[in-house]
Amino acid sequence: MMQPKTYSLLAFALVLGLIFHGVSMFFTLESTYDALIHLFFADHYAQDWFEPWDYRWYTGFTVQSYPPLVHQCIALLSHVGGLKFGLFTMALIIVGLFITGIYRFALVLTSSQKVAGYTAILGAFSSMFLETLHLFGQLPSLMGISILLHALPEIYSWIKLGKLRYLGTSLSLITVMVTSHHVTPIFGMVFFIFPLIGLVLMDVSKEKAGDIKSITFRVFLGEFKKHLLRIILFGFSSLVLIIICILPYWINSKNNPITQVPIPHGSRDNFLEVTSSGLVFFLIPWGVLLLILPYLFYRFYSKRLLFFGLSFSLLSLLGTGGTTPLPRMMLGATAFDILTLDRFTLWATIMALPIFGEFVFRLVEGDIKDRILGRLNKSWYYLGTGVLGVGFIGMAIFTMSLGYFRPAQPQKIKMLPIVNFLNQDQHDQWRYLTLGFGDQMAWLSAQTNAMTVDGNYHSARRLPELTTRAIERLENSKFRGVEGIGSLQQFLTVPNKYNLKYIFSNDKFYDPILYFCGWQRLQQLENGIMVWERLNVPPLPKIIPKEDVPNFLKLMWGLIPMGTLIFAFICNFQLGWLRKLIRGKTEKEMTFTHTVVRNELPRLLTRINGVWVIVLAVIFISSGYGLYMDNSAQRSPENVVKAYYDALDFKEFEKAHSYIDPASGVTIAQYMLEVSVTDGLLSSYAKMDSIGISIENLTEDAASLKAYTQWITPLEKIERNYQHNLVKREGSWYIQPTPVDTDIPPNQLLVRNQPQFFNHGRRRITSQQTYHEDVLRQPILEVLQAKLVKFEGRYSIVGTLQNIDNAPADVSLKGTLYNNENTALAQYDAKYHVKHKLMPKETTPFRIDFEGTAWVSEDEQAPGVFDPDTFTPAEFAEIPATFDLQCAGNVATTDLEKSLVLQEVSLDDRNLNGTLFNGGLQEVTVPQVLVSFYREPGELIWVDHHFLREGVRVQRKQEFSYVIPDLSGVEVLKEGLENCFVNGTPNSEIRRKYTPDRTSDSRNYLELMQPGTATRYMTLDFNSFIGNPR
Amino acid sequence: MINRCWHSIVLLCFLLACGESKVTTEDIAEGPYALQTEVTFIAGAPITLEFSGTPSDQLVLLVDNAWGSTLLAPDDSKSVSFSLPAALAQKAGLSNWYLVAGQTVLDSGEYTILPAKPPMPTLETYIGPPSIFANGLDQSMLVALPQDQYGNALQDSTPVRIRTLFRNQQEETRVNVNRLIAYDYIATRPQAGELFIAASADTQVSKELTVRVLASLPTDFEIEAIREHTYADGNQIVTLRTSPIQDSNGNSIADGTLVNFQVKNILGPALHAQGQTVNGVARANLLHPQQADTWEVSAYISGLAKSNSIGLEFEPAVADFSLLLSGDGRELQITSIQSYMEQLIPDGLTVSLTILDAMGKPLYTDQSRTFAGKASFDLTLESIEDASVYRISVGGVTKEIIP
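Quick note, the sequences are listed as chains D and P, same order.
Numbering of the first sequence is given in our numbering, commencing with residue 11 and proceeding in unit increments.
Numbering of the second sequence is given in our numbering, commencing with residue 197 and proceeding in unit increments.
Please keep in mind that the hints were generated in silico from the structure rather than gathered at the bench.
Treat the hints with caution; some may be incorrect.
[To be verified] Calculated pairs, EDC-like style, for lysine to aspartate or glutamate (alpha carbon to alpha carbon, straight line, at most 20 Å): (1) 665(D) x 648(D); (2) 557(P) x 918(D); (3) 727(D) x 1011(D); (4) 824(D) x 543(D); (5) 797(D) x 831(D); (6) 424(D) x 40(D); (7) 1003(D) x 334(P); (8) 984(D) x 949(D); (9) 797(D) x 985(D); (10) 403(P) x 783(D); (11) 235(D) x 217(D); (12) 556(D) x 61(D); (13) 313(P) x 352(P); (14) 716(D) x 562(P); (15) 460(P) x 1017(D); (16) 287(P) x 352(P); (17) 557(P) x 582(P); (18) 967(D) x 543(P); (19) 564(D) x 61(D); (20) 460(P) x 914(D); (21) 460(P) x 1011(D); (22) 264(D) x 557(D); (23) 595(P) x 553(P); (24) 422(D) x 536(D).
Chain P with its partners taken away, still in its complex shape:
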């Protein structure tokens, strides 16, 4: 606060002082004045604008270029010459000058500064998008800005060489600078891969630019199923696998592309799995069903590609089992659940119990899982008086026992 106050006071004093000194100059510059020098220069070279006429300390030169306006005082009191400071002399382009004395413009004109030579060693370039699809339509755009060492854009029609390398094959095109920039479209390629691009103008070269050409949309494909056996044991894995999926140009589609596998079983649409492609091949793992079934498997990539449909048959794994009701009727045991080679069925197969009344109406259902070929139901809590049949179903095989 206080600091700011001091600033204001000092500034005010300064302004007052300045104001007074200005009034004193009285002698008036006399014309005519004429520019004696060339009006075309090279950026960076020393530039002096000399005028014929009487020197006067009242003369100033107002220089107007694209960056702003500047007032210059004469170099000395003996001649009417003005040297442009580096900030003005290095900026290429058209400038206007006005020779001014007091409020009067004595003369005016313009001069041009051309870009310097040699140019900047590196060529400023931009490219985008950095990845395009191999679909025959997509393209990327390269923009180059050739500049001299002071950052002035090179003149229009300066040629820019654009070279591309794709699959070890070089191509070259030329474009000209037009309104400060040079640009070109990089067309996509039918194959996927990395496209290397370089641009140069005169001795000025760009860095290495890359555009990745990506595989385009997938096309229809085939699927197959891999399984160790054909029994419905609810334990083994079925692997569904696609053929290598390609786009219309034969490129392997992007890694990670999501393929949906779907299965219709006897009861209708049921199973659904997803797989991500690696080198065009997607896999998904499903469990074998728990009872004999017929699968119709197909796969698709949403709205873009689909596969053939294949059928899979599963044979029943469970051949037979025994039911045993304990003496007090409180425990129902399911024993010797054997599989297709008379081995114990792998642990975890679902065993379902349905208790039916005399009319065959289900009263109660429960599920259990097998352990060491056995399963049991505790019937103590379900004191169901009018139960007439216990129905047990394992792996598609159903048996009944009357309590």
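Chain D on its own, in the form it takes in the complex:
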């Protein structure tokens, strides 16, 4: 026997693998997609082992929605050296389990310990394993598959030899697998264990027939009947165990079925269309295996491995996702939309590893080597093996570096300042939300007991605002287009409903939407995270509802998984050692008697594989060339304009400048200066969505064209058309620079007197509730008019509101609609159509729209394109007849800039053109125009808003243009102030007490010339978002 030598190969694989993964995972694991989520679950168990309810995510969810074993192991280890110690230790254990597992699986398939040794080495560095661990961080899934691999030889032995000992070890491993990961056993049964049973039957048939070729169907059937009892016994008991071991999980799945709108996943894309998904979910996992695909199929379809061949083909096909319609047809639409199909590729490649190991063995020291050397000279042999070797190493390095060059996560955030913030001053009495944290939000959640409305395990989402939309998290909503921002803005507009008071923003992109939804910046933490706060949000109630489960389920959940682990350990290791210690030596049962394949490589296969490699090479080179041609910027006028906007979009100004006509004399310094002075929604908060180009004029060396661009901003979608002139110089196209604004402000140094405000919060340093005398009086507001109107089928409340107090006020407005029987129909807060910050005696128009949760009914199709403006009107079963209005003022001390001046305005029947002038000392990043429409002076009927795309710099002008809507359809259903309340006091009481002698407004109204409507007047108000307050 060559046992010592082959074990040394396994030992070699283990040493290399553990060192490699053990070192590298400190740089990769924390920035994977899933690792931190598992860490959060682990933290849950570390805090309370038996309680399945966790309040911290999604207003509460149950951890019985995910098998607990890996989480509980991390939790146990965390008591030794902290959560991250647990995570890394567990990952290291899984690496060890995987390498030994793939060794044992290869032994089953090939019966050669040497091949198995090769497989173990290749498996440890295979791109699919690296990707799953270092890019995805799917620890439970890897644990599940590793244990499955360990179980396969035991199952083989049980069916073949029928010794109860093997049934015990098989079942013990099945239980560990099922408590680690729930999908692995279900599909593992189908794709690994069924073919394995086929393999056993083939082997015993062969032993009976004496030769693999002489196995007939009759022999096979006979053996099947003979072994049927063992198969049924195993199948039935494993089924029972799969159900019992994670019974709470199944019960929870039944009680809370996944009724959510499916979340798009790259593994379901068409890989030919979405090449990035193709790379991540096809090219990387397959890696060099692709080169020997014909060999793999040839070997898998040999008689002995036939069943594995079927399984392998099916797995490979399912793994191709949406590239062909077949996977969807086979799985059914529901399963297709819930499952992430990358796991099929993972299993296919794992299944192929032993065959790959066999190939490498044959190539390095077997018959293939001899054949190549026999036919060609040594150099060809080295070239071939070299290409394969370099390809394998290259894939491994490429996979590992992907997370470095194309980070899937934002930069690592220091959580301590946030944790401290949440712990101080009772900030954890409210819910919080993170923006732009990526999966690191799970790490923050694990470190604090404060709660968030968001979460990172989307199967457990509970709020309809989340489950009805295809968003994983609110947190990264900008990547989810309309549905993301749509969900987010509902939470931002009505934060009271969720006791949501604090937002930690790591992404400037969300600033404008936060501001215009009424949030204010509180402070920047020392890690650079901006804390936003909303006033007038009640703290969390002391008792929060939860869904409880019977105690026996809690006990099962807490005890069984660890129990299975201990049981499996005793069965598989402990007993083996005991036997060894007692008897000195184990009797080796020759279970795997099949001999290694040698000298069967048909000519045809060699040729096919050769052609296949050449085809792959051609595809690879041609797609590379295509990419080059598409990206070579200055080859055509279209390319240079596209490249220019691309560079602008990614703020690569030096690159953008290189496309500007060098003869125009715009230096890089000048260009940077011009870029740096532009600020606003378009230049600071927009992401380019699409660009279309139409050439208007094209000669040999000059062109003029129009670029139609679409930009996504947090507030709205912007379409912008630009005219460009281009010239061709020395074979390259260049853009002529557009003229810059030559306007020159009159003054060099400005001085302004302006009041500033400061609120101590609490004056005494105390951990108690804020002292009575430190609580400021809520500013008194007065509703001047309020109306329920209907326009274009939607109901809105419009009106005007004044801060009649002497302190600046932050305004919250909540409107409720009632039917004739005074039953509340809908409730919503004012969003964009109000100035949320009012100076003393300032007025604001307002409009409250009633938004429903989008796409609640299943037949409604969510639009595929992004439109942050999308509005889902609330559905009313009855017609709203009346309304009430609850206004609350709180003292505001920030965002009080009111320096925009309407400098010029002109009106025609459909358009309003105006010029804004900034007379203050702060650059206004996003100016907003609130347009009020009146029938008679003072008789408001509609309020609209308009965001300017460009900011207004200090002492400079900015033109804007607004299309006046046709308001002939506005219907006033109800007006009056009787149901308006301010800080809980009736509005009439406030008028009687504070402003009994109010006179009519002395305002100048712009006269509208809209023929055919009763709307005759309009006024403009301005709201300014300052992106970078000084």
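With the hints as your guide, set chain P onto chain D.
Just chain P now, kept in the frame of chain D:
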């Protein structure tokens, strides 16, 4: 789980044990019993209720006060006397007692504990709202809770002295405790300022309380315009300024009050600006118009106050300029745009181009801005065949050129 189970078992055993011992007492207390002591006490002093009658270990005293009910055992077996523990003896108010033996109430009555002397050193007070308007109507309310050292409210009619200081003038009023509290309304003052309030009862004094009296609503005011020159150069700033705005009592209105300035020009309502007051004066900055204009400026504080209306004249700044069409007709240059002292007009003045057809109908419009007294239009892309007149307008001066 298991822990809870153990608890239950231990508790059960304990209860069983207790139940058995209770049955054994047999001797019955004999009456009559009568209370021998006073029924009025001072809180905090040792209180013992003594009864005449035969001592018995079956006797218990049930004491009922506002805080709850308590059973007391006799102090010793030789006498029928019950000492109230501190928790009962320190709580002022009326209490009921019942002398009980087994199921029978042998006697009952009541006793009163009066608040102790001296009282607590600090007087608990609350005031709200913390700011009121100087409008003659508004008021704040002070609530004082005089207490003894054990936290018992002092008796009704205990006098509480309330002193206020406003603009260095002290006033004093007295109110009496009525049903545990004393309260008074603090009327507003005509002037704005800080109102300091202190309350005391006997030796008990409050901390310093403050109520801010805020200026009331603004009254009508005047405005004026400040500008460096009267030319419509589209570059200089006009500052609009209000007179110090006051409320009806002459207080300067709150800092930060928003004043709206509005301008009607020749074409109608056009400009609108806002200013925040500092010491009653609000300012807003507007640009000079780009061409000769007449402004009618007024200001208002929405629905509460308004200003007079003033007129502002702007003279044209641009006197003249030259037009130059390049030889190939592809570029239109506007040069030597001079201002009121023949200087180059400041950069950034709008130059507008209108291309008209033979019938005088506008075909195309464009705008540019001046730079170093010049501006130009690129006409290459607007290959307008039937253009017959290029009309250029700068600072209100219009010129035409025929291509």
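Going down the list of hints, with the structure as the test:
no., hint, verdict
1, 665(D) x 648(D), "holds (16 Å)"
2, 557(P) x 918(D), "holds (18 Å)"
3, 727(D) x 1011(D), "violated (36 Å)"
4, 824(D) x 543(D), "holds (18 Å)"
5, 797(D) x 831(D), "holds (19 Å)"
6, 424(D) x 40(D), "holds (13 Å)"
7, 1003(D) x 334(P), "holds (8 Å)"
8, 984(D) x 949(D), "holds (13 Å)"
9, 797(D) x 985(D), "holds (4 Å)"
10, 403(P) x 783(D), "holds (11 Å)"
11, 235(D) x 217(D), "holds (16 Å)"
12, 556(D) x 61(D), "holds (11 Å)"
13, 313(P) x 352(P), "holds (15 Å)"
14, 716(D) x 562(P), "holds (17 Å)"
15, 460(P) x 1017(D), "holds (12 Å)"
16, 287(P) x 352(P), "holds (16 Å)"
17, 557(P) x 582(P), "holds (11 Å)"
18, 967(D) x 543(P), "holds (13 Å)"
19, 564(D) x 61(D), "holds (7 Å)"
20, 460(P) x 914(D), "holds (11 Å)"
21, 460(P) x 1011(D), "holds (16 Å)"
22, 264(D) x 557(D), "holds (14 Å)"
23, 595(P) x 553(P), "holds (16 Å)"
24, 422(D) x 536(D), "holds (14 Å)"
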